[in-house]
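Q: Order-wise, the sequence lines are chains A and B.
Numbered by the numbering used here, the letters in the first sequence go through residues 1 to 393 in order.
Numbered by the numbering used here, the letters in the second sequence go through residues 1001 to 1291 in order.
Hints may contain errors.
Below, a list of computed lysine to any residue pairs in the SDA-like style, where the Cα atoms sit at most 25 Å apart [said to hold, decoys possible]:
| # | chain 1 | residue 1 | chain 2 | residue 2 |
| --- | --- | --- | --- | --- |
| 1 | B | 1051 | A | 210 |
| 2 | B | 1197 | A | 230 |
| 3 | B | 1051 | A | 212 |
| 4 | B | 1051 | A | 59 |
| 5 | B | 1230 | B | 1163 |
| 6 | B | 1051 | B | 1268 |
| 7 | B | 1051 | A | 243 |
| 8 | B | 1051 | A | 219 |
| 9 | B | 1197 | A | 229 |
| 10 | B | 1197 | A | 232 |
| 11 | A | 206 | A | 219 |
| 12 | B | 1051 | A | 12 |
| 13 | A | 206 | B | 1268 |
| 14 | A | 206 | B | 1017 |
| 15 | A | 2 | A | 12 |
| 16 | B | 1051 | A | 246 |
| 17 | B | 1051 | A | 201 |
| 18 | A | 2 | A | 195 |
| 19 | A | 2 | B | 1282 |
| 20 | B | 1051 | A | 204 |
| 21 | B | 1051 | A | 229 |
| 22 | B | 1242 | B | 1158 |
| 23 | B | 1197 | B | 1114 |
Please keep in mind that the hints were generated in silico from the structure rather than gathered at the bench.
Since we're looking at a predicted model, the values are computed, not measured.
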Amino acid sequence: MKADPRGVLAGVHFLDGDQACAEGALAAGCRFAAGYPITPSTEIVERFAQRVPLLGGMFLQMEDELAASIAIQGAVWAGAKAFTVTSGPGFSLMMEHIGYAAMTETPCVIVDVQRGGPSTGLPTLPAQGDMQQARWGSHGDYEIIALAPNSPQECFDLTIEAFNLAEQYRTPVLVMMDEIVGHMTERVVIPPADQIEIVPRRYTTKPPADYRPFAPEADLVPAMARAGQGYRFHITGLTHDERGYPTTNVAAHDRLVRRLVAKIRNDATRLTRVEEHFLEDAEVIVLAYGITSRVALRAVQMARARGIAAGLLRPILIWPFPEARLRQLASRAGLSGILVAEINLGQIVREVERCVGGRVPVRLAGHAGGSVHHPQELFETIVEMAQAVEIER
Amino acid sequence: MSTEVYLPPNPVEALLRTDRMPHIWCPGCGIGTTMNCFARALQQARLDLDKVVIVSGIGCSGRVAGYANLDSFHTTHGRAIPFATGLKLANPELTVVVYSGDGDLIAIGGNHFIHAARRNVDLKVICVNNFIYGMTGGQVGPTTPATALTSTTPYGCPEQPFNLPYLAESAGAVYVARWTAYHVRQITHSMVEMFRKRGFCFLEILSPCPTLYQRRNRLGDGLEAMKYYKEASVTRHGAPTKEVAISFQGPILVGKFVDIERPTYLELLNQQLARTLEAQYTGCIEDHVRS
Ligand SMILES: Cc1ncc(C[n+]2csc(CCOP(=O)(O)OP(=O)(O)O)c2C)c(N)n1
Ligand code: SF4
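Next comes chain B alone, as it looks inside the complex (with noise of 0.2 Å):
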């Protein structure tokens, strides 16, 4: 005798590419969690899903675009925000999305990271923030606590990591917000935001990567990470974040920390060549650049 159980299908699971399940990631590993957030906030924020865009760089982090049942793009490690960039000037009426991990976006693609910041191009960065390099084996990145252990700071990592809000913010983004894998609504929440806003946007989620950063520092499993970030985290919304930097297993201070207005680099564009141009301009990209 067999029983049929009935599973009501999962309310996300329109925005997944479900053809290509099973995902490449390992069991405890943040990236999902952060990925049905992003599933969710779509939903929520009633966007007219053929306009949205996603972008990736390399990385298991960079794996996000290839399952999200979207335009996507998975790009060359480091250089989804130039891409998304390009894209987004060519057709603004497009809602483009950088989903990426810290080493894609702030090692290799640093550079493409505060200069969009600064001219605000009107992305969403979304940064899974592990504090190591996932897909090639847990070396150690731009994100990695002091004294950690990874493969290639086998005696701990002397360096001290970015601050990445600090980076953001002062490199000019609009919005700028922190969460872990265990904030899920918070996160949810924060991603419509951004959605709903224009400009540079970040949303740092810091993710467990159980398989290299916690195995190798001995902490426990995909649930003692998430043990660990409910523990250390404290919300402070408009915390200053030159003071919100992570220490090894220290506390955590998340929460919206930015959230100002700035003309995006379209509009200013725009603008100037209106102002200079004057009845010679005819309007710009939106009408003319596709062919």
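Extracted from the complex, chain A is given alone in its bound form (with noise of 0.2 Å):
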């Protein structure tokens, strides 16, 4: 299906990140926001409210986070695409909504625009310490999309993205920008709406007595209903079999956890979308995301420029974690190390310790926030990784 041509604002701009992410959220169809402010995700709210009632849309400003969190929710089961969008402490407060959307298989999307924490951290200041959170934030086993803009062209399209992921998998995806990302303004093409391919929510063609609200189909995604259309269905947190009743069936329990992880899990490949530079040669990988690989590309180059074989791999979509090309890249002769340069003091290297297992030494460029690296630190730190292997040989 295309985009609605009212919701595209088609054409060369100049935006910033979070001003993208809300025409992005506009092109994509969804006409219903609920947020509470927080500074450095306030301007694509700001940015919705202006234009969605021209749309025949709704901002409505919740009194807190978890509020925003779940009324996406009523929304969405009342027909509508819905997103909220927040900054690290009300992050931490959608935890429980994030559980809620994925046991009750609801699509939704959630921006974070991480800032530096922990707590109340550096407001106005960039970070990507909420990664890890990203994936394990809320209590119990599922798995959960997510994507990492590093432009403003980015936090346009993946925006998009994400509702399309969304509908797909019936899950909630998270869109995790960074401050610098949010606030940067760059150009942004929207392309028209006939270039816009938008995935339609799966409704169910069943009559009512036929209906259940989470018998699978074959990719393991359950076709949904919605709010007034004579189905009757029973919507709850608790674990539940597929005609959404509750049980403390351990059996039934294990079936729908498993299927929760798997819909997603199993397309983990298919899932994968990653940014390539130079990698055909490289000895040292680096490897970064949203605005870091901007400044690790740079470092790559510099050392390029000194004959050192580098290059950058960047996961473009983060969770589930890119694990069947690394695993590739790491078992290839003549790789020395991975440079894993991150905003935090340690999250997504731990997820490329795994999956390379030991094969080459993984080496972290922590930084604790406030700003990115330096291009110059990350040169140094790759040309020294080149040399320790030169001086083994």
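Now that you have both chains on their own, put them together as the hints suggest.
A: Pasting the structure below:
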């Protein structure tokens, strides 16, 4: 299905990432947002609140993030596409409802414009400290999909992608921005509506008598109904059977939770979205995502200029992690190490270590937040890693 | 020889998920009684039941959603109201009922309660007040009368409870009533009135929890609670809500306290947008929000 042209501000614009994200949501067909103000994410809903009434939708400023993150789910079950946006402290408050959306298979989008933490931390400055929280923040077992844009253009593109993946997998999808990407202004090209692919909601075609709300289709995702259509369905965050009825049966629980995980995990390779630079002959691979990937690319280019075979791997879709691709790269002859650069003290690096399984040295270039790395600093680490191998040889 | 006993179908059966019976509630619990009233009220109000949605939080009372043969949502603890807000605003043709316990709606969900009342979101909020946290085993709640024993106030509750009708009215509710599980006809009548009214409506129903509240306070069984409700209740429609606070085993003022008109959130939003945007405004949410 193509995007509704009324929501698509086609043309070439000069937007910051927050504004581009709002435009992405509108282009994706989202007409309902609820939120609670928090720096540096607020500009997203400010723009949405300005634009969406003209398209017949609404923004609702709720009393807190708990309310915002569940109000959007009410709207989804009424038939809307909906999202909420926040930053660190608010993201923490939303965790219970990310779990509720995962358990009830409610398609929705949550944007986290990351800032320095823990706690109130650095409200106006960047970090990438919520990456593992994005993966594991709600209690219990579930899989999540998360995207990490590195430019205003991607804030637009990946917000649309987030809505599409949410519908396809009936899951909450997280857009993990950061303060710099949110506030930097760049050229953003918004294509015409007929070039924007939209995944419509997977509504059941069965009559109410035959409909089982949680009976999965071939790809493990069940078809939805919406309130007010005579299906008389029941939705609960309790463990439930295919009818949606609560159960404490251990086998039914096992079936449900395994399916919730498998519907995404089984598709991890299909979901892989990475950007690669100079990896063909790379001896040192720098893995970086979001804003850090842009600094890292500069460092890689500096290394190349010095004759060091460095390359960049940028996960664009960060959860599920691009495990297969990384394994492939790590098992290549001639690779001397992987450098993970991120604005935290070691989050995605754990995932890299797990995937690599000790085959090559993995090093962290951590940063506690507040700014980006300096390219020089990453460049020096690349040089060190390359030299270490030279010496060994 | 066997005799066949003919039992006429219970008139509310169509409104229950009979395939989920037996329910989880204890003998003598008042929640089922309130649900019976709810089913009768739905029938009396002659609503299109496909357009009625029930939303609960977590708790014994929160299980009502699961037994109602309607589109039904059992949400998270305290968050039924904001969920219902999103649901109602994204599809205003739905009648949205919030049915939950006092702890759920007023303790963990208290902030949402006052803000939805303030905005006058068109929700029918039914609060089963058993003075205690039932589901988790009888802990103190925001409605527990001072001095009452609970599992976490084993020496008596030192706190002053909320007077729920007063809270609801102060926050902006357009309809406020209180009954006890003894007043089944009146409960049903109030529910019908709420279904017919637009705006944030609030009904408090005092309901026995024999297993935890009555027993710990040596107040007898469910029947004893009904006797207390019968004897202690005084109907005073229009009573100033400030005066309807409840004390431990004290008198209970019941009735319809508030019934006023005030534009709903959606009406105000549409008015405001139409006024500001004039011709650019093509109508809100109704027509466009659903994909
Ligand atoms: C976030 C969260 N905190 C705590 C609980 C545990 N919990 C479940 S029900 C409940 C209290 C219910 O009391 P009330 O709303 O009065 O309903 P009742 O069971 O008395 O009908 C609590 C604290 C929970 N489910 N979720
Ligand atoms: S514990 Fe109390 S409120 Fe819960 S079902 Fe039993 S009697 Fe009812």
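Q: Each hint needs a verdict: does it hold in this structure or not?
A: For each hint, the structure was consulted:
| no. | hint | verdict |
| --- | --- | --- |
| 1 | 1051(B) / 210(A) | holds (20 Å) |
| 2 | 1197(B) / 230(A) | holds (23 Å) |
| 3 | 1051(B) / 212(A) | holds (19 Å) |
| 4 | 1051(B) / 59(A) | holds (24 Å) |
| 5 | 1230(B) / 1163(B) | holds (20 Å) |
| 6 | 1051(B) / 1268(B) | holds (23 Å) |
| 7 | 1051(B) / 243(A) | holds (20 Å) |
| 8 | 1051(B) / 219(A) | violated (31 Å) |
| 9 | 1197(B) / 229(A) | holds (23 Å) |
| 10 | 1197(B) / 232(A) | holds (23 Å) |
| 11 | 206(A) / 219(A) | holds (18 Å) |
| 12 | 1051(B) / 12(A) | violated (44 Å) |
| 13 | 206(A) / 1268(B) | violated (38 Å) |
| 14 | 206(A) / 1017(B) | holds (20 Å) |
| 15 | 2(A) / 12(A) | holds (20 Å) |
| 16 | 1051(B) / 246(A) | holds (23 Å) |
| 17 | 1051(B) / 201(A) | holds (20 Å) |
| 18 | 2(A) / 195(A) | holds (7 Å) |
| 19 | 2(A) / 1282(B) | holds (22 Å) |
| 20 | 1051(B) / 204(A) | holds (18 Å) |
| 21 | 1051(B) / 229(A) | holds (7 Å) |
| 22 | 1242(B) / 1158(B) | holds (21 Å) |
| 23 | 1197(B) / 1114(B) | holds (19 Å) |
Hints 8, 12, 13 from the list above are not met by this structure, while the remaining hints are.
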